[in-house]
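Position chains W and L against the provided structure of chain V, taking the given hints into account.
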Amino acid sequence: MFKSSLILQKVRERTPLIHHLTNYVTMGDCADATMSIGALPVMAEAEEEVEEMVESARAVVLNTGTLTTIRLKAMLKLARKAKEQNIPVVLDPVGVGATSFRARAVEKILDRETPAIIKGNQAEIRFLAGGGDAATSGIHSFAAGGDSLADSCMLRDMLGVPVVVGATGAVDVVSDGKRTARIYNGHPMLPLIIGSGCMAGSLVAAFAAVESDYFYAVASALATMGVAGEIAAERLESGRSGPAAFKKMLLDALYWLEPAELDRRARIEIQW
Amino acid sequence: MFKSSLILQKVRERTPLIHHLTNYVTMGDCADATMSIGALPVMAEAEEEVEEMVESARAVVLNTGTLTTIRLKAMLKLARKAKEQNIPVVLDPVGVGATSFRARAVEKILDRETPAIIKGNQAEIRFLAGGGDAATSGIHSFAAGGDSLADSCMLRDMLGVPVVVGATGAVDVVSDGKRTARIYNGHPMLPLIIGSGCMAGSLVAAFAAVESDYFYAVASALATMGVAGEIAAERLESGRSGPAAFKKMLLDALYWLEPAELDRRARIEIQW
Amino acid sequence: MFKSSLILQKVRERTPLIHHLTNYVTMGDCADATMSIGALPVMAEAEEEVEEMVESARAVVLNTGTLTTIRLKAMLKLARKAKEQNIPVVLDPVGVGATSFRARAVEKILDRETPAIIKGNQAEIRFLAGGGDAATSGIHSFAAGGDSLADSCMLRDMLGVPVVVGATGAVDVVSDGKRTARIYNGHPMLPLIIGSGCMAGSLVAAFAAVESDYFYAVASALATMGVAGEIAAERLESGRSGPAAFKKMLLDALYWLEPAELDRRARIEIQW
Numbered sequence: 001m002f003k004s005s006l007i008l009q010k011v012r013e014r015t016p017l018i019h020h021l022t023n024y025v026t027m028g029d030c031a032d033a034t035m036s037i038g039a040l041p042v043m044a045e046a047e048e049e050v051e052e053m054v055e056s057a058r059a060v061v062l063n064t065g066t067l068t069t070i071r072l073k074a075m076l077k078l079a080r081k082a083k084e085q086n087i088p089v090v091l092d093p094v095g096v097g098a099t100s101f102r103a104r105a106v107e108k109i110l111d112r113e114t115p116a117i118i119k120g121n122q123a124e125i126r127f128l129a130g131g132g133d134a135a136t137s138g139i140h141s142f143a144a145g146g147d148s149l150a151d152s153c154m155l156r157d158m159l160g161v162p163v164v165v166g167a168t169g170a171v172d173v174v175s176d177g178k179r180t181a182r183i184y185n186g187h188p189m190l191p192l193i194i195g196s197g198c199m200a201g202s203l204v205a206a207f208a209a210v211e212s213d214y215f216y217a218v219a220s221a222l223a224t225m226g227v228a229g230e231i232a233a234e235r236l237e238s239g240r241s242g243p244a245a246f247k248k249m250l251l252d253a254l255y256w257l258e259p260a261e262l263d264r265r266a267r268i269e270i271q272w
Numbered sequence: 273m274f275k276s277s278l279i280l281q282k283v284r285e286r287t288p289l290i291h292h293l294t295n296y297v298t299m300g301d302c303a304d305a306t307m308s309i310g311a312l313p314v315m316a317e318a319e320e321e322v323e324e325m326v327e328s329a330r331a332v333v334l335n336t337g338t339l340t341t342i343r344l345k346a347m348l349k350l351a352r353k354a355k356e357q358n359i360p361v362v363l364d365p366v367g368v369g370a371t372s373f374r375a376r377a378v379e380k381i382l383d384r385e386t387p388a389i390i391k392g393n394q395a396e397i398r399f400l401a402g403g404g405d406a407a408t409s410g411i412h413s414f415a416a417g418g419d420s421l422a423d424s425c426m427l428r429d430m431l432g433v434p435v436v437v438g439a440t441g442a443v444d445v446v447s448d449g450k451r452t453a454r455i456y457n458g459h460p461m462l463p464l465i466i467g468s469g470c471m472a473g474s475l476v477a478a479f480a481a482v483e484s485d486y487f488y489a490v491a492s493a494l495a496t497m498g499v500a501g502e503i504a505a506e507r508l509e510s511g512r513s514g515p516a517a518f519k520k521m522l523l524d525a526l527y528w529l530e531p532a533e534l535d536r537r538a539r540i541e542i543q544w
Numbered sequence: 545m546f547k548s549s550l551i552l553q554k555v556r557e558r559t560p561l562i563h564h565l566t567n568y569v570t571m572g573d574c575a576d577a578t579m580s581i582g583a584l585p586v587m588a589e590a591e592e593e594v595e596e597m598v599e600s601a602r603a604v605v606l607n608t609g610t611l612t613t614i615r616l617k618a619m620l621k622l623a624r625k626a627k628e629q630n631i632p633v634v635l636d637p638v639g640v641g642a643t644s645f646r647a648r649a650v651e652k653i654l655d656r657e658t659p660a661i662i663k664g665n666q667a668e669i670r671f672l673a674g675g676g677d678a679a680t681s682g683i684h685s686f687a688a689g690g691d692s693l694a695d696s697c698m699l700r701d702m703l704g705v706p707v708v709v710g711a712t713g714a715v716d717v718v719s720d721g722k723r724t725a726r727i728y729n730g731h732p733m734l735p736l737i738i739g740s741g742c743m744a745g746s747l748v749a750a751f752a753a754v755e756s757d758y759f760y761a762v763a764s765a766l767a768t769m770g771v772a773g774e775i776a777a778e779r780l781e782s783g784r785s786g787p788a789a790f791k792k793m794l795l796d797a798l799y800w801l802e803p804a805e806l807d808r809r810a811r812i813e814i815q816w
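Protein chains in written order, with the numbering used here: chain V, 1 to 272; chain W, 273 to 544; chain L, 545 to 816.
Hints may be right or wrong, so weigh each one.
[What the hints assert, rightly or not] Looking from chain W toward chain V, a few residues come up when the C-beta cut is under 7 Å (computed):
no.	residue
1	M299
2	G300
3	M325
4	Y527
Treat the hints as calculated values from the structure; they're not laboratory data. The model shown is predicted, which means the values in this text are computed figures rather than measured ones. Even for Gly, the Cβ is constructed at its ideal location relative to N, Cα and C.
If we strip away everything but chain V, and leave its shape as in the complex, we get (with noise of 0.2 Å):
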């Protein structure tokens, strides 16, 4: 049987190198997350040496929140050179819905560097199934309601490749085409702290480095963010813990989480 926690232990083992190409507002974020995993961050954005830089890592992520033509030119080529590497490049489309620039940038991610995994939150990834109708709202997006499981295969089935897409949202969902995990851990805090998204694609890309399997990888990664989640909420106090306090006991969450903890709180449905 699929253990998250086995995934967890060769993150901390393997300590692989992640290279995020990812907005400004997040960033620290990003590195924190990743560094609290047990993985390493590198956030390397010239043209000049991103091609070089990702020879060490064993993922990216590429976030288009904060995006520029100049650092969209830096993501093609950096997805490029982790496609010839054979390792997991993670769109994470922030805002698609927003602007045409970005919808653009992101379709031409999808046409000439198919990822191996888009990670968007649900508003997200319906637009890119076609369905959206760019509800955006700053970079949080709250899709009300709708099916993320019908929008996951279909975005995953108009990139006519193999391409594992996760949503997340109330529940998460993740599917590779044959398969659907449904993630039920989280909490209400989460959407409420700024850098959870981005967060999330730090930890998806982290799982992927090290499972090859990158269904069970996201499926893991989410569920971790999600676990963590639960855990920094037990220790807030009410009436004076806000997100700050919150997405410092996150961090630090992820950083003492115990495989068993994982397994044993872990709410992952899986469909054939």
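Frame of chain V; chains W and L shown alone:
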């Protein structure tokens, strides 16, 4: 009678999207503060997308820390579009007195796209009002005494258009030409943390997004920052808790701030 | 006899402005650390303004994380102007061994605008001294043993100009060619947090801003970082407090550090 709590409640009910074009040092802090008070941040900065992104926003912050020519161009586009949409633009002229590059940039913004609101520290407002000798120390400027009210009024008059000026300091001063507010809230720890001024700019924008009398919006936002600082300071452990603990507690105090407590603690003096 | 406390006291009395041209990942951490120790940070990066901004500064940090060609140009301008003003430039060659882009950039800085102080981790200093095999893992490089002192001396000799070299590691080593300091302070949590190396660079600059014997300035700054790490570690709760809590406590320990306690705890061994 005017009540700050009513504006705070409207922020939380409407969760307005606040488009920031701000510096890289405190970008994460501004995002955190915006979320903590109940609004939503977005930090898009590419010239190619700022105009489209701002269509969903309810207020804009332009902050001149870590300014570049590219970012200035994006700011001008963003401000023009915001004014077309009739949403408030808040200018935070960080370090305006420090270099001629910033002084010229701010002048260009004031000339071409006069913002509805200018919020700066006393030294920055004095510099803009023509009385400054550019005595700027890093991102913190400590005005040696001086008369914030006179400076605020002079700046307002110079611009020749209706604009609300807020000058922060030991006592914050807000002026719209007819009315003056003095805000006596705050704590000596506030100027000791990186980002307190920038975060105040985010609060000002969030309040102006829901209250069309910008004079009250600015005064209430600055009082809210001061009150949250007071609450946070009460929770510090002497000899142990420093600026890092204080920043976390400040953000969490914003998150938990009860409207009734804001009115009880706010010390705003208004003169006509 | 030399006392670290005297340099710390001078930092707090003079609150020197430290101009950073540093990476986007830890920029906020560096600003926080600079404020916590009692100095003032500024992070201006536009080529158009760095020369004017540095006129108010008392020391400069050049940090090569997230380097770009544009930022390298600004660094060279900044360093030249700083040297004209006779204020210390601290080079933190982050990830110099990771890509040829960074190696060439650092070579250019060393050639054209040799800094007064080079502070790096052991792997970075070894690489610069010609003994490195570019074994770089993300922004953290763990040198497999090796002789920091030999590397520091070789680097110093190669440059052919007076420069103080500081190599951080389990034991920090500082050399100015005549004197060698070994600093035995620190804690295993320090390399586990993002930004500890970069923050050490900020402290080095703050100390060098007020103490013209850079050898003592660097040694005292690294001891200060180590001592603050020890104090922070004593406050951790096992099983709960991780890197996020530690970073906060580290910054607050810098803020509250008593000069007498610094001298009592500092374990600096100097050889002539």
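Discussion item. Please list, smallest to largest, the hint numbers that this structure does not respect.
Written reply: none
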